[in-house]
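Chains as they are written, first to last, in our numbering: chain D, 1 to 229; chain S, 1 to 229.
Hints may contain errors.
[Claimed, not checked] Partner residues aside, some chain D positions facing chain S, computed with beta carbon under 8 Å:
hint	residue
1	I37
2	A104
3	L126
Simulated from the structure, these hints should not be mistaken for laboratory data. Note that this is a predicted model, so its numbers are computed, not measured. The beta-carbon is built from N, C-alpha and C at its ideal position, and this holds for glycine as well.
Number of protein chains: 2
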Amino acid sequence: AILAAIEAALGEGPLSGRRIVVTSGPTHEPIDPVRYIANRSSGAQGAALAHALAALGAHVVFVTGPAAVPPPEGVEVRRVETAREMLAAVEAALPADAAVFTAAVADWRVEGAAQEKIKKVPGGDLPQLTFRENPDILAHVAALGPQRPRLVVGFAAETQDVVANATAKRDRKGCDWIVANDVSPGTGIMGGPENAVTLVTEDGAESWPRMPKAEVAERLAARIAETLA
Amino acid sequence: AILAAIEAALGEGPLSGRRIVVTSGPTHEPIDPVRYIANRSSGAQGAALAHALAALGAHVVFVTGPAAVPPPEGVEVRRVETAREMLAAVEAALPADAAVFTAAVADWRVEGAAQEKIKKVPGGDLPQLTFRENPDILAHVAALGPQRPRLVVGFAAETQDVVANATAKRDRKGCDWIVANDVSPGTGIMGGPENAVTLVTEDGAESWPRMPKAEVAERLAARIAETLA
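With the rest of the complex left out, here is chain D (with noise of 0.2 Å):
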C-alpha cells in the first residue's frame, strides 16, 4: 500500500496517464422544496473504488450524489443532486479512459415537482405523484460513438436472480462489466462494511467471497489496470 501510495504521487502506477470517471452515492429527486425520493447507497463502495484507483495512479473525476461517506482524498470531485445533473457531469468529464458507474441512481423522477411545499390536508386528498423514467446514464454512456470509454462499468443491486439479472443487465446496457451485489435486507451489505458481488462479462459470472469494500475496490481496481494496459 505504501508503495502503491508512493508511485501514485510519483505517477508512476499502473493506471498513471488514465483518466476515469467514476460515479457514486444516491440520487436525491425532489417531490417538493423539503421532500423528496433517495435511495440508501451510502457511497462507500465508489468511494472506496475511486480511493484505489487513484492509488493506482488513475485521474478520478468522482461525480458524486448527496453521499453519507465522504469523498477520498487525491480525487477531482464533481457534487451533483439529481440524476439529471449527474449526466450532466459525467458527459462533462468526458473523454475518459473508463467510467465505473457505482452510483444508485434513481430509475424516475417526479414530473413537475412543487415549487411550494404540499400542504397536508388533514383527512384531505393524497398526493398524486407522477413519474418520468431518468435518463439511463450507463447505457446514454455506453452507446457514446468516439466519446465512449474504452471500459464501461456498471452496478447492479438486486435482491433476487442476481446473476441472471446482471447478465441481462450487461447485455441491455450495451456496456461491458456488470458488478452485481445483492442487496438484500438481511445481508447488511447497504450501508454495510463489506460488499459481496459477481462480476459480469463477455467471459461470463465470476462471484467473488465476501469481503471488506476496500478489498473489493483493490482487486476491481487492479483488473481495470489489467484491461487497459
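Position chain S against the provided structure of chain D, taking the given hints into account.
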C-alpha cells in the same frame, strides 16, 4: 456556559428533575428495500435544542430519525426510521413534563411498500405509489389525557405566510407553542447553520431575529424552563 454545564452535571439547572422528549431529524418512508421518501431536515435544530435542554439539567429523551447531525452528548437516544416508529418511541418515552417535536415527520407513507426492489422496465410502466396519511404525532400527543405533557411544542416548516400558517397549525394541533421557520429555498435555513423563527403561543406571534441554531436552542430552552418553573 461553563457554569451551566457544572450545574447540569450537579443536577442543579432550572430543568433538573424534568423529563423532556425531543424528536429530531427526518423520517424515511420506504418505497421498496432500496428506495424511500425523505425530507431535507438535517436534525441540526433538534440536536441543538436537546443539548440546550440537557445543559439546563433536563433528562432528555432524544427520539431521532436518520439525521445528518449526530445526537448531542448527555441525552438518551432512541433511533427510529419511519413516522410510525417515531410515534411508538414517543409514546414509550411518556410521561414527560414537556415534549418538543422538531422532527420533520413525513406526512405520508407509501401504502404496501414493495418487499422486492421495483424493477425498471425501460419504456414500460411507471410506478404507481399509493399514499396513506401517517399518524400525526404532535396532534396525537397534544390530545392525550393524563399522559399529555404539560408543555407540547410543535415545529412548522413553512415556505409562505409563516405566521398565519403557524397560528392555524397551533389551533389545529392543540399544542401549546409552534416554532415556525421559513424554509423557502434561498433562505439557506434548511440544512444551514442559522434559523429565523417565529414563536406562536397563546399570547400571539413573536418573531426572533435570524441567529445561529445554537442560540435559537438556548433561547427556546430558557423559555421552556421558565414555563415549567
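Hint-by-hint comparison with the structure:
1. I37: 6 Å, holds
2. A104: This hint holds: A104 (chain D) lies near chain S, its Cβ roughly 7 Å from the closest one there, short of 8 Å.
3. L126: Since the shortest Cβ distance to chain S is 4 Å, the answer is holds.
In summary, this structure violates none of the numbered hints.
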